[in-house]
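The primary structure of each chain is shown beneath.
Protein chains: 2
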Amino acid sequence: MNLHETIRLIGDQALTASRKMVRLSTKKKNAILNAMADAIDQQRDLIKEANSQDLALGRANGLSSAMLDRLALTDARIGNMIKGIRDVALLPDPVGKKIWKRTRPNGLAIEKKRVPLGVIAIIYESRPNVTSDAAVLCIKTSNAVILRGGKEAFHSNLAIARALQEGGASAGLPNHALQFIETLDREAVRELVQLEDRVDVVIPRGGESLIRAVVENARVPVLKHYKGVCHVFVDASADMDKALAIAENAKCQRPGVCNAMETLLVHQDVASAFLPALGLLAARQKVELRGCKAACSILPACKPATEADWSTEYLDLILSVRVVKDLKAAITHINTYSSHHSDAIVTSDARNAKKFLKEVDSAAVYVNASTRFTDGGEFGMGAEMGISTDKLHARGPMGLEELTTYKYLVSGTGQVR
Amino acid sequence: MNLHETIRLIGDQALTASRKMVRLSTKKKNAILNAMADAIDQQRDLIKEANSQDLALGRANGLSSAMLDRLALTDARIGNMIKGIRDVALLPDPVGKKIWKRTRPNGLAIEKKRVPLGVIAIIYESRPNVTSDAAVLCIKTSNAVILRGGKEAFHSNLAIARALQEGGASAGLPNHALQFIETLDREAVRELVQLEDRVDVVIPRGGESLIRAVVENARVPVLKHYKGVCHVFVDASADMDKALAIAENAKCQRPGVCNAMETLLVHQDVASAFLPALGLLAARQKVELRGCKAACSILPACKPATEADWSTEYLDLILSVRVVKDLKAAITHINTYSSHHSDAIVTSDARNAKKFLKEVDSAAVYVNASTRFTDGGEFGMGAEMGISTDKLHARGPMGLEELTTYKYLVSGTGQVR
Chain H
119 MNLHETIRLI GDQALTASRK MVRLSTKKKN AILNAMADAI DQQRDLIKEA NSQDLALGRA
179 NGLSSAMLDR LALTDARIGN MIKGIRDVAL LPDPVGKKIW KRTRPNGLAI EKKRVPLGVI
239 AIIYESRPNV TSDAAVLCIK TSNAVILRGG KEAFHSNLAI ARALQEGGAS AGLPNHALQF
299 IETLDREAVR ELVQLEDRVD VVIPRGGESL IRAVVENARV PVLKHYKGVC HVFVDASADM
359 DKALAIAENA KCQRPGVCNA METLLVHQDV ASAFLPALGL LAARQKVELR GCKAACSILP
419 ACKPATEADW STEYLDLILS VRVVKDLKAA ITHINTYSSH HSDAIVTSDA RNAKKFLKEV
479 DSAAVYVNAS TRFTDGGEFG MGAEMGISTD KLHARGPMGL EELTTYKYLV SGTGQVR
Chain R
119 MNLHETIRLI GDQALTASRK MVRLSTKKKN AILNAMADAI DQQRDLIKEA NSQDLALGRA
179 NGLSSAMLDR LALTDARIGN MIKGIRDVAL LPDPVGKKIW KRTRPNGLAI EKKRVPLGVI
239 AIIYESRPNV TSDAAVLCIK TSNAVILRGG KEAFHSNLAI ARALQEGGAS AGLPNHALQF
299 IETLDREAVR ELVQLEDRVD VVIPRGGESL IRAVVENARV PVLKHYKGVC HVFVDASADM
359 DKALAIAENA KCQRPGVCNA METLLVHQDV ASAFLPALGL LAARQKVELR GCKAACSILP
419 ACKPATEADW STEYLDLILS VRVVKDLKAA ITHINTYSSH HSDAIVTSDA RNAKKFLKEV
479 DSAAVYVNAS TRFTDGGEFG MGAEMGISTD KLHARGPMGL EELTTYKYLV SGTGQVR
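For the protein sequence lines, the chains are H and R, in the order given. Count the first sequence with the numbering used here and you get residues 119 to 535, in order. Count the second sequence with the numbering used here and you get residues 119 to 535, in order.
Next comes chain H alone, as it looks inside the complex:
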C-alpha cells in the first residue's frame, strides 16, 4: 500500500468509527476516558522509555535545551496528563444539548441539537502531552480522531497513543476511533488534509510555518490561529499603576505564549508620565524596547521600531511601543496590525471602554485586565483544544462545544409542502 492509499484507509476507518461514536452515551465515553487515564498510568515505564529515545535523538540532533525540556516527560508531567484526562471526563458533555426547539404552525416540531463533527485531524508539534490532551477532547465529544505528531516526539507520542488506544478499547472505544499516523513522511500531512469527504476538520497546533503549510494544502476546513500579536492601549484616563501592572503581566509573565503582549500603545497626553515608569520596568525585567519616534524621544533605552515590528510576534522579552494621538488612532493601529487574538485598553473612561470593545475586531477584547486571560480554563470553559483567530465556527479559546456541530431533527405526522 502506498502512502496515498494508507492515508485514505486511515480516513475510511475514521469515518466508519465516527458512525459508531455517535451511539456512545456520556457515561460510556467517560468510562472510556478513565480507562485511558488508567492505561497511561499502567504504561508509565513504556512511555518514559520511549521518551528517553526521543531525548537521546534530540540531543544527538542538537535540539536546544528549551526544546529538550519541552519534550521531556517526567513523572509529574505524566501525572498531569492523567489528571487532565480525568478532568475532561468530569466536564459536561455538549453532545445532545438542545440549542432550541420550536413547533411550527403546520405542527412540525423542529429541534436544533448539538452533534459531533465526525472526524477531526490534529497536526501538532513538539510537546507529547498534546497527544493525550487533543485525543480525549475529541473522544469526549464523540468524534473520531486522527493524530499526527512532530518527529521530535515521535516515540513518546506513539507510546501515549498506544496506551490510549488500549485503555479505550478495554472500555468499549470503537476500533479506529483514535488513530495515530506512524509515518513521518511530510507528504502524509498533505494527503490527510485533502481528504474532504472523510475528515471534517483539521486543527494544526504549532508554529506559524506548520499552520501555513496546512492551510496551503488543505481542502478540509482548518481551525487555527497563526500567531498572537496582542496589544495593550494605555488611554489618557488610565490608572497608571494598573496600566503598569497589566503591561508587566501581559509582557513578562510568560512571553513565549500567544496571548502575551507584543505592542504597547500609549495616548500622547500621558506618554511622558507613563513611559519613564515603563522604561524602569523594562530595565528591571530585561525587556528590549522598540519604539516610534515619540516613544524613543522619551525613553533613551528605546531602539527605533521598523514597520515590521508592529506585526511581529516576538515570543520573547521584546516590546514595541507607540505613542498614539487618541483612542481612534489606537483602534486603527490595532485593527491594522493585530492578529485579532487579544487586545486590551486600560482606561477610566466608560465611553472609551465601550468604543474599544465594540470596534476592536479581535476574538477577545479587554478593559482593565491583562491579555493573558485568553484561555479556555480562565474563561470557564473547562478545557481547551487551542485558540482560533478565525471568525467562522470557533473564535477565541476552543473548548468542547467548538468540537461539535449541530443538526435539525424534524418530527411530523405526515406533513408535506
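These are calculated hints, taken from the structure and not from any lab test.
Residues from chain R that keep clear of chain H, each with C-beta distances beyond 12 Å, as calculated:
#1 LEU121
#2 GLU123
#3 ASN152
#4 ASP187
#5 ASP205
#6 SER327
#7 ASP387
From the structure, some residues in chain R lie toward chain H, with a derived Cβ separation under 10 Å:
#8 ARG137
#9 VAL233
#10 ASP357
#11 GLN371
#12 SER460
#13 VAL483
#14 TYR484
#15 THR492
#16 ASP493
#17 LEU510
#18 THR523
#19 VAL528
Computed from a prediction, not measured in an experiment: that's the story for all the values here. For glycine and all other residues, C-beta sits at the position ideal for the given N, C-alpha and C.
Here the structure of chain H is known, so what remains is to put chain R in place on it, guided by the hints.
Chain R only, in chain H's frame:
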C-alpha cells in the same frame, strides 16, 4: 490598475467599510434597508430596461426558455424583491445579542456576544433577485458585502446594485459597504477568494461547478452546499398513505430544488405492498424510475439503476429506488450516498425514528415529513442566505445569525495572571 489591483482595492474598501458598519444601530440599519427598497421601487424602469438588455443578449446567445424565464424581471418579481427587503428590515437583529455572560472567581466579567463577520463575498449565478436578497442580509447583520453575479444577468444585477447603493447612501450606508464587481473576467473570482486578510467568508450560490471552482481556488473560508441528494426511507411500519404523500411531495412538488428527494429506500418487508402504488404515482406524475434489482422485479416500468445513480442529483422528474434489508441498511446507504442535506424516514416505530434521527449524518433529518421543508422560512428563521452542507460554522439553512460571529468582551478592574 490591473485586475489584481482592482480586486485588492475592492477588498481594502470593503474592510474599511466593515469597520464603519459595526457602529450602526439596528434602527439605522433598518432605515437603510427601507431606503434601499424605496430606491428599487423608484428605479423600476431602469432595472427593467437593463433586464431587457440581458434578455435580448440571452435570446441571441440561445439561452433555454427556462433560463430566460428565471432571468426575467416582471413588475411582480420586482415587487417581491422590494417586499423581501422590507421583511428583512422587520427581522430581529442578531448583532449585539448576548450568548452568555459570566463572572469569574477573580472578578473578570466575560461576555460572549454576537458581532458581524466583517466582509462577506457572494458569488452567484442566474437570478438577479439574489443581488438584492444577499446584499440586504449582509447589511442587516452589519457586514460589508462584495457581490459578483453571473454574466447572463449582468445588466440587471448592476442596475439593482446601483439602486441599492444609492438608496443605502441616502440613509447613511457607509461608502463601499455594498460593492458590485463590474468586470466579467473569471480571474476576478479567483483574486477575490484569495483575499484572506480582507474577506472573511465567501458564499457561492449556484450550480455545483461554480461552487467547486470557488472551493478549488479559495484561501478564504467558504460556506456552501454542492448539491442535495435527499432520501426518503419507507420503513416496515410506515403508514402507506403518508409514505406515498411524502414521496410525491418530496419528488414532484419542485423537482429542481436541492431539498427534493432523489432516492427512495423501502424496507424489504413492505416493498411489494408499497412499490406498486409508487409505480402508479410515478406514471401519473411522469417520474422516471431507476431501481435496484429487487425494485425492478416489482416495478416493470423501472429501469436498472447504476452505481452512479445513487449519488446523482437529478433536479428532474427522475427517482432512484432501492429495496433495503432493514433500518440499518437504510442508514448505511444514506450515510454513504447522501449529500448530508435532508433525509427522511416514514415509520410508526418510535425506536426506529430515534435511531434514524441520531445516526443519519445530515443537516436536517426528518420523521414522517417531506424533505422539502429544509428552508430558512419553513424553519422559522425568517430569511435564508442559502443552505450549508458543511459542518463548520453553519449547517442547514443559513439565516441572519449564520452571517455573524462572536467575540469575548472581558471587563476587569486591573486583573493580572
